[in-house]
Amino acid sequence: MTPTQTPTQTQNDASSGAGTLDTRYQPVPASVSFPDLEESILKLWQSRDVFKRSMEERAGGPEYVFFEGPPTANGRPGIHHVLARAFKDMFPRYKTMQGYHVLRKGGWDTHGLPVELEVERQLGLTGKEQIEEYGVAGFNQMCKESVWEYLNDWEALTERMAFWVSLDDAYVTMTNEYVQSLWWILRQLWDKGLLYEGYKVVPYCPRCGTPLSSHELSLGYQEGTVDPSIFVKFVVKGEDNAFLMAWTTTPWTLPGNAALAVGDKIDYVKVRDRSGALLYLAKERAEAVLEPGYQLLEKMKGAALVGKEYEPLFQFGAAPPERYAYVIAADFVSTADGTGIVHVAPAFGADDLAVGQAHGLPVFQTVDAAGQFKPEVTPWAGIFVKNADPQITADLDARGQLYKEETYEHTYPFCWRCDTPLIYWAKQTWYIRTSDFKERLVALNDSINWVPDHIRSGRFGRWLENNVDWALGRDRYWATPIPIWKSDAPGSQYMECVGGLDELSQKCGRDLQGLDLHRPYVDEITWTAPDGGAMRRVPELCDVWFDSGAMPVAQWHYPFANQAEFDTYQQADYICEAVDQTRGWFYTLHAVSTLLFDRPAFKNVICLGHILAEDGSKMSKSRGNVVNPWQVFAEHGADATRWYMYTAGPPGNARRFSGNLVAEVKRRFLNTLWNTYSFFTVYANLAPAADRPPAETNNDLDRWLLSELNRLVREVTAAYEAYDVTAATRPIAEFVDDLSNWYVRLNRRRFWDGDAEALFTLRHALVTLAKLLAPAVPFLSEAIYQNLVLSVEPDQPDSVHLSRWPQADASAIDTELSAAMALAQKVTTLGRAARESAALKVRQPLQQVVVRTRTADERTGLERMEQLLLSELNVKELNFADEGAELVEVEVFPLPRQLGQKYGRGYPVIRRLFAQMDQTELAGRFAEGKTVTVEADGNSYEIEAADVEVRRTPRAGFALAQDGGYLVAVTTNLTPELEQEGHARELVRRVQQLRKDTNLEINDRIRLLLPQTPQLDGLLSAHRDYVLAETLTLEIVWSPATENPTAEACATFSLGEEKVTIGLTKFEISNQ
RNA sequence: GGGCCUGUAGCUCAGACGGUUAGAGCACUGUGCUGAUAACGCAGGGGUCCGUGGUUCGAGUCCACGCAGGCCCA
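If you count by the numbering used here, then the first sequence holds residues 730 to 1801, one letter each, in order.
Be a bit skeptical, because a hint or two may be false.
[Stated by the list, open to error] Heads up, simulated BS3-like pairs for lysine-lysine below, C-alpha to C-alpha not over 25 Å straight-line: (1) Lys966 <-> Lys873; (2) Lys1115 <-> Lys1103; (3) Lys873 <-> Lys857; (4) Lys1725 <-> Lys1570; (5) Lys1133 <-> Lys1115; (6) Lys1570 <-> Lys1605; (7) Lys1115 <-> Lys1167; (8) Lys1028 <-> Lys999; (9) Lys921 <-> Lys1167; (10) Lys772 <-> Lys966; (11) Lys929 <-> Lys1133; (12) Lys1167 <-> Lys1332; (13) Lys834 <-> Lys1236; (14) Lys1028 <-> Lys1012; (15) Lys834 <-> Lys772; (16) Lys966 <-> Lys929; (17) Lys1236 <-> Lys1215; (18) Lys1215 <-> Lys921; (19) Lys999 <-> Lys1012; (20) Lys1605 <-> Lys1631; (21) Lys1215 <-> Lys1156; (22) Lys1725 <-> Lys1659; (23) Lys1030 <-> Lys1012; (24) Lys1215 <-> Lys929.
[Claimed, not checked] Pair by pair, the computed Cβ-Cβ distance ranges are: (25) Tyr950 <-> Asn881: 34 to 40 Å; (26) Arg1718 <-> Arg805: 34 to 40 Å; (27) Met1646 <-> Lys1725: 35 to 41 Å; (28) Phe1043 <-> Ala1099: 56 to 62 Å; (29) Tyr950 <-> Tyr925: 32 to 38 Å; (30) Asp1165 <-> Leu1244: 19 to 25 Å.
No lab work stands behind these hints: they were computed from the structure.
Glycine included, C-beta positions come from ideal geometry on N, C-alpha and C.
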């Protein structure tokens, strides 16, 4: 690694090398099309192969590992992808500039339901039955091709926005290499006993015999469905005639009951009804549910009911081995309807199953795949469950366990195909036993740096704490097959998990190289089981989320190849996706890594909020408010789009997006920077010594700018290190504003004069800015760097993205100067406001400005800025309000922080008393260092000078403005001399306007024609040099412009009381 | 129904630790300045800091309970 460049070294480099007299920069037009500029930069990068070199040239440097969360290329990339890619891009760029080697391997997600649905749509198929008819081989072939449908769009967009990622080296989840790595992982989990077959509750159509996907489910909701609504009395064990009252709209699930759930913070009551039975239910529900005439006996929280055992309603078959039939606490319990006591049937509800798993409850699967009660449910065996509802209700009634029966109207899902009411039904599927690792998942999450921070213990942490086993299996076609083979011998439970293609070849005894590891081909592989059966693959496929979660391993085809690469890149320093990935990729990465390697998969993660339309509504095709990224790029450019994304608000917040919002940042930020850059090149090219750095600048404005610049470098670097994108970008915009509207404006004269120190300072600022901005706006920063650096220092890296990140030079930081300048800016603002209030133009010089600061240090700082203030405010003297007591009014202000802390409720009293006292006398005592003691209501308060702020306000004869304790006043009386000087400035301004109107070049010299009046005569004798120098006048001709035929232009205006007409001609210099 | 987040000017957003008069940009109006700027300066209108209650001498800021919106999960 070469040593990192510091500002000082830049100076040395420049002075030793490049500063020859004939150096020139490319002329930069004042206005620019950023989209055109960006296209040309793209060509430059291509021709110099900069992206590849940004990785190659850092080989051997420390590694910074970025993981690309794989998108699916079967849909068009949208603006939300631009958001994620913009945030993904900036840290690898930053780290590369810091000397790190950052491999940016791309990735594509190619499996899963979205792909299948798209192919179904293309083929006009609906449902699995038709897919099977069409043929799985052909269907999957279509999927394989469909996956790349929008690849070109993705590649083009990625390049256009300058997201540097190696797409030609991307991992692809459907390849045999990738699939084999997944198999290897599953085999590891299998060997550790972490794969098992268990129940999963799915919306299920008993007629079609198939689970429905969530989108199928959404097709079939029907409002106004009428179901039974029964209130069931569960007999409490060990209490006499006491019942837990539960409510259900699905009586057929009662034989599957395993527990009752309460909310532990919900209030419950125990009542005696008219029959004498003791009933437990939620306090809030008692009145609505119970027949009148009950008697309240007791109140308790749900937590007090937890653990209470009850008699199971039914018992079928062998006695259940596990503990069940007791009260548990669950957070899904509410008192919106029912009784606040929820019947839990793990086989028939997702909540039920989850809470059941958490408590180790049994799953009573009493219903078969046809939706009929199984044989062991003897009273109702073979009956379709919905038809059994009345019989079950009647049975409960007969046993005295039905409190009452009603009907209930609600929205219920039906099969969109056959209109059969769906049931929620637990089917057998493959699980990964993640819940065994809950504590490790939580503990390892603690070390991850989440942005925003609250995700760690909030959304993600909560998710981990409530971890349930990962339902891995899917009954579909286009995904990674679960590599488990089962013997088909009757009653056999023999299974093997296959960890790779070679292993599969061995097992079946033939070379399977070239076998497509998808359905249906992989299902054709069988061999003989030890028990004589045929080994056949289980039908399920993997959840696609497992594909992406396994990418740290599978992107390298590990462990079959690339051991070294895997070792280096197995843990990411940085990943970034939108917030919906907390339960998606963020979780699957974390889970796979924890189970396999017991360490987090990533160290830092930015979790982005979503993109909303300009009006804050959701962006969606149906609303027609989707923004096309290409259009925004074409109109405003990728830099502007990126900059908006970074600066619009905290990354975790949802952000509004529109072309208008991008246009605004382009105008305010990019244009300002561009114009400053353009300005620099104009004057640097006019001044031969432009890039000769001065040894050291003594100019306070230069030193201030360098101080601010180095503070900025420090601040931005720290923000990058903390993954705080807003803090890494917004301060740059503020600096550019200061640079353009303060530093450049105040120094115009020096640039005009070709002042080497000013030019060097500005160039240094622009070059440093280009580097600080490179990760965020890669195009504009490249354009500036190419011109300002490479034009004069050809030995520097030939792209800003190959250059080194600037280091803050602490010695250049002058906090006193920075504070003083900030105050000077404030005073200037207030001074102008004061002038405004008295209608005194800035052009008119005034005698005096009087400033009141809050502290003595601030006064010292402002004294250093005296020249600046005099010139900015166009006054002759700077004074401070603590001088000349006769000129000012005095007010003593008790400071709330000091006195509030000291005396608490005494503060308002002190404030009231002080207001009644003689302010001048009071101020005098504090000025002498004395304390003041006031008494009220028997309390005595001692106040020191430090506890008050003495405010002095100029008396009559001043115009003033104040803010936040600061006050600026200017004298309003005009002497003849001041007035004359004002006229001189007015004259200059008019001449300048005339020069402009006649299209003179900036450095053209002129001959000025003036009428000989006493006023102009006097004015010229007092301010002749000033007028000549400002207007580049070589000769004054005392002749009325209107009568002089040589005048090229003339103008008439008022100068005080007098009306004058002036003219000018260009002064031709021979021998030029 | 549960979890997390957000709520400050018409719009986009800042507001460490509770403390002097809640700020900036955009937009609007007026005005001034200008030989870098489709700029810039100044002024004006525009705020129940989502609501209610609490803690405190003092709350946009802390606490509680709500309301609205977003996301995720049911």
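Here is what the structure says about each hint:
With a C-alpha separation of about 60 Å, the suggested pairing of Lys966 with Lys873 is violated against the 25 Å cut-off. Between Lys1115 and Lys1103, the direct Cα distance comes to roughly 14 Å. Compliance with the 25 Å bound is thereby established for this hinted pair. For the proposed pair Lys873 and Lys857, the alpha carbon gap of about 18 Å is at most 25 Å, so the pair holds. Pair hint Lys1725 plus Lys1570 holds up; C-alpha atoms about 22 Å apart against a cutoff of 25 Å.
Of the pairs offered as hints, the one joining Lys1133 and Lys1115 holds, with about 19 Å between alpha carbons and a cut-off of 25 Å not exceeded. Proximity of Lys1570 to Lys1605 is assessed by CA-CA distance (about 15 Å); at most 25 Å being required, the pair is judged to hold. Straight-line distance between C-alpha atoms of Lys1115 and Lys1167 comes to about 38 Å, which puts the hinted pair past the 25 Å bound. Between the alpha carbons of Lys1028 and Lys999 the distance comes to roughly 6 Å, so the proposed pair stays at or under 25 Å and holds.
This hinted pair checks out: Lys921 and Lys1167 have alpha carbons roughly 16 Å apart, not beyond 25 Å. Annotation: proposed proximity of Lys772 to Lys966 is violated, straight-line Cα distance about 81 Å (limit 25 Å). Restraint check for Lys929 and Lys1133: not satisfied, since their Cα atoms lie roughly 32 Å apart, outside the 25 Å limit. Between the alpha carbons of Lys1167 and Lys1332 the distance comes to roughly 19 Å, so the proposed pair stays at or under 25 Å and holds.
Pair hint Lys834 plus Lys1236 does not hold up; C-alpha atoms about 34 Å apart against a cutoff of 25 Å. In summary, the hint linking Lys1028 to Lys1012 is supported, as the alpha carbons are separated by about 8 Å, within the 25 Å threshold. Between Lys834 and Lys772, the direct Cα distance comes to roughly 22 Å. Compliance with the 25 Å bound is thereby established for this hinted pair. A threshold of 25 Å between alpha carbons decides the hint, and for Lys966 with Lys929 the separation of about 31 Å lies outside it, so the pair is violated.
The straight-line distance between the Cα atoms of Lys1236 and Lys1215 is roughly 13 Å, inside the 25 Å bound, and the hint therefore holds. Restraint check for Lys1215 and Lys921: the C-alpha separation of about 18 Å stays at or below 25 Å, so the hint holds. The suggested pairing of Lys999 with Lys1012 holds, with an alpha-carbon distance near 9 Å, which does not exceed 25 Å. Annotation: proposed proximity of Lys1605 to Lys1631 is violated, straight-line Cα distance about 44 Å (limit 25 Å).
For the given pair, Lys1215 sits about 18 Å from Lys1156 by alpha-carbon distance, which is consistent with the 25 Å threshold. Straight-line distance between C-alpha atoms of Lys1725 and Lys1659 comes to about 62 Å, which puts the hinted pair past the 25 Å bound. Restraint check for Lys1030 and Lys1012: satisfied, since their Cα atoms lie roughly 10 Å apart, inside the 25 Å limit. Proximity of Lys1215 to Lys929 is assessed by CA-CA distance (about 20 Å); at most 25 Å being required, the pair is judged to hold.
A hinted range of 34 to 40 Å for the beta carbons of Tyr950 and Asn881 is consistent with their spacing of about 39 Å. In this structure, Arg1718 and Arg805 break the distance hint of 34 to 40 Å, their C-beta atoms being roughly 56 Å apart. Between Met1646 and Lys1725 the C-beta distance comes to about 59 Å, which lies outside the given range of 35 to 41 Å. For the pair Phe1043 and Ala1099, the supplied restraint of 56 to 62 Å is violated, since their beta-carbon distance comes to about 21 Å.
Separation of Tyr950 from Tyr925 is about 33 Å and conforms to the stated range, judged on CB atoms against 32 to 38 Å. At roughly 34 Å, the beta carbons of Asp1165 and Leu1244 sit outside the given window of 19 to 25 Å.
Hint check: violations occur at hints 1, 7, 10, 11, 13, 16, 20, 22, 26, 27, 28 and 30; the rest are consistent with the structure.
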